[in-house]
Amino acid sequence: MNSTSQDEKERLAREFYAARLLPLSRAASASGKHYFPLGPEPGLETYYVRRARTRWTAADFESQSVATPEQLAPALAALWQTTGNPELAALAPDFAALAARVYDVNTEAEGVTPFMYVMF
Amino acid sequence: MSRTILGISAFYHDSAAALVRDGEIVAAAQEERFSRKKHDPRFPRAAINYCLEEAFIEQDDLDAIVFYDSPLLTWDRIVKNCLEAGEPGEDQFAKAARSTLGVKLWAQDYVKSTLGTLGKAGKLLHAEHHMSHAASAFYPSPYEEAAIITVDGVGEWATSTIGLGRGSDIDLLYQINYPHSVGLLYSAFTYFCGFKVNSGEYKLMGLAPYGRPKYRQLILDRLLDLKPDGSIRLNMEYFGYIDSLVMTNPRFDELFGGPPRKPESPITRREMDLAASIQAVTEEILLRMARFARTETGARHCVFAGGVALNCVANGHVLREKIFDDIWIQPAAGDAGGALGAALLATYAYFNLPRAPGPGGRDRMHGSYLGPAFRPAEIRSFVERREIPYECMPDTVQRSKRIAATLAEGKVVGFLSGRMEFGPRALGARSILGDPRRPDTQATMNLKIKFRESFRPFAPSCLVEDVGEYFELEGESPYMLLVAPVRENRRQNVAEAEKQRDVEDMLQVINQVRSDIPAVTHVDFSARVQTVHESDQPMYYELLRQFKALTGYGVLVNSSFNVRGEPIVCTPQDAYLCFMRTEMDLLVLEDHLLWKTSQPAWVEKEDWRQTYELD
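Residue numbers (my numbering), protein chains in the order written: chain A, 1 to 120; chain B, 1 to 615.
These are computed hints drawn from the structure, not numbers from a lab.
Check the hints yourself; a few may be wrong.
[Unchecked claim] Computed Cβ-Cβ distance ranges for the label pairs, DEER-style:
1. A/Gln81 with B/Pro359: 32 to 38 Å
2. A/Glu70 with B/His533: 28 to 34 Å
3. A/Glu70 with B/Ser381: 48 to 54 Å
4. A/Thr54 with B/Pro538: 37 to 43 Å
5. B/Val603 with A/Glu70: 54 to 60 Å
6. B/Arg380 with A/Arg55: 49 to 55 Å
7. A/Ala18 with B/Asn235: 28 to 34 Å
8. B/Glu604 with A/Glu8: 38 to 44 Å
9. A/Gln81 with B/Arg501: 45 to 51 Å
10. A/Gly84 with B/Gly475: 44 to 50 Å
C-beta: ideal position from N, C-alpha, C; glycine also.
Please take these sequences and the hints and turn them into a complete structure.
Listed below in structure tokens is the structure:
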């Protein structure tokens, strides 16, 4: 889709973070908002979350499929509207544009780091 | 209507492919076995190719191709993690944008470029990470109904789930969400004790019996809140994985008396006690989860998957507590098994096929022997083409007697037989074997074959009908996923062993005799047991039978057929290479016996040890 170098992709990602996400992060922090809990809440009876979607249906198999960056923007927007994050939903087209710039299925995945569980 | 489904897991660790036809598992393999790169996370092109060959199909015959998780939901978690991290989140975002936004989201393009098709479904289907784990555990299990527990680091948002499987249906009822994770907690200690995250967890578990759980209460007081139902919340003030690229942070160091142990440096009493402590905490969490699952679902049986389900010490504890009538653990419990789970989930939840029971009340994993096999004619072709001296013994009984006699002489045997195992354990298809009775077997296998000084004993393979003679274990353990005590009447030097638990240098005590099967008896008199069933692996079973006829012991030492850092061997070529690079005495390639003393001198231009990164 593009031939942007790895260094250039890193630069694009860092710029995106500084321009789009860091302001959101600072605003959230200033207002005391957290995207997930960071510690115990002894008053809670349980930390289990009861799942709204208990069963994976035929429609679920298909709904997670994103074929192109053009399909990514509406998919992310819909997801973040559902999760109550309109501030992120508004950025969905920007994420899709970034995806188009950093797209690179020909690059081999990085090796497994010994310092960090592979979670992204 | 017949349905053939390809499942794929990739891009995290241990990428894999699995092929399922009408609910029957036709083939499954990890990419590392073909690429020879341990824990290979790359798109599993070779494993997919193997699966199609094994099923005798073309890619156009696939009804569906299923990816085991949802990169879209994972991206949601990554973005929110970075937002929570603030400024330090930039490093994670830069890395994740390239790997997830640039690569993982486009798994469909990998499939198209590899296979030239998306199957008859016309698009790549996606499962959910823990649904795939749950499916890998429940569908092949012998149970019509079972509670399901999945526990790992993280998949999308979930880190643990509890559910119920019944017939063809799976319902996941509860989950614990990132960043609160039993798997990440265990990995944090793995990192802190100087082992590699994602692979060193097994070493930490093996280290635990040397220590005492003196930090257990500190962990429970400061690092997490554990509820009576087994749910947890971590105190993220002590962990580094939200806002850095390592698992723990300076507060964690301070709590446990200094910085993390440097990899490959001497293991101290602190690491031993930390290992014992986190193992004790993990077992307590899993026991509570199991009790909660039993209460919530009412099911008499339970199935487990997810990386934490490879903690065979904890599994043995759950079994012995008799919370359930019986438990079953997916042998490829880590992410590789997600490929199989995704294919099975699509079979029953997308195509709505009926689920058939396993043969004779047993499971449907075929012993986890789901990888490539090599016919004797292929072996013959290999050895003759390479002009490798060999002896052919087509008679299974005579051959087994010969191998058994060799083992009883204290020799070490490389054994390639039948289809390769799926999952991290060698189960007698790609194994290095030794005599468990000999006090020197452990040192010999470690130093001359594995090229390591290990604090972990080897695992025993045992005739299924004899397991009760050696170990305090009721029932089967076909996948080496249960640790059980060696029977008391076989134990030796018990008082001495208790004193040795406090020594500083583990390697002083590891090779000491603790039972009449010393090579497989850990310092706490436990063993990682594999029971061998005749119908799963007839050749290995026959070898055990002949070893018993000769020695009175239906037990062998079973270690994975590799050297440190190398993936388990797949082909006869891989096996021969490993055989010649080490001091094994005999290599068995199906019905061909290759004696080391008959082989030509082995010369390599470069130091092959540099080929493999130490695990």
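Outcome of the hint check:
{"no.": "1", "hint": "A/Gln81 with B/Pro359: 32 to 38 Å", "result": "violated, 49 Å"}
{"no.": "2", "hint": "A/Glu70 with B/His533: 28 to 34 Å", "result": "violated, 53 Å"}
{"no.": "3", "hint": "A/Glu70 with B/Ser381: 48 to 54 Å", "result": "holds, 51 Å"}
{"no.": "4", "hint": "A/Thr54 with B/Pro538: 37 to 43 Å", "result": "holds, 41 Å"}
{"no.": "5", "hint": "B/Val603 with A/Glu70: 54 to 60 Å", "result": "holds, 57 Å"}
{"no.": "6", "hint": "B/Arg380 with A/Arg55: 49 to 55 Å", "result": "holds, 51 Å"}
{"no.": "7", "hint": "A/Ala18 with B/Asn235: 28 to 34 Å", "result": "holds, 30 Å"}
{"no.": "8", "hint": "B/Glu604 with A/Glu8: 38 to 44 Å", "result": "holds, 41 Å"}
{"no.": "9", "hint": "A/Gln81 with B/Arg501: 45 to 51 Å", "result": "violated, 57 Å"}
{"no.": "10", "hint": "A/Gly84 with B/Gly475: 44 to 50 Å", "result": "holds, 48 Å"}
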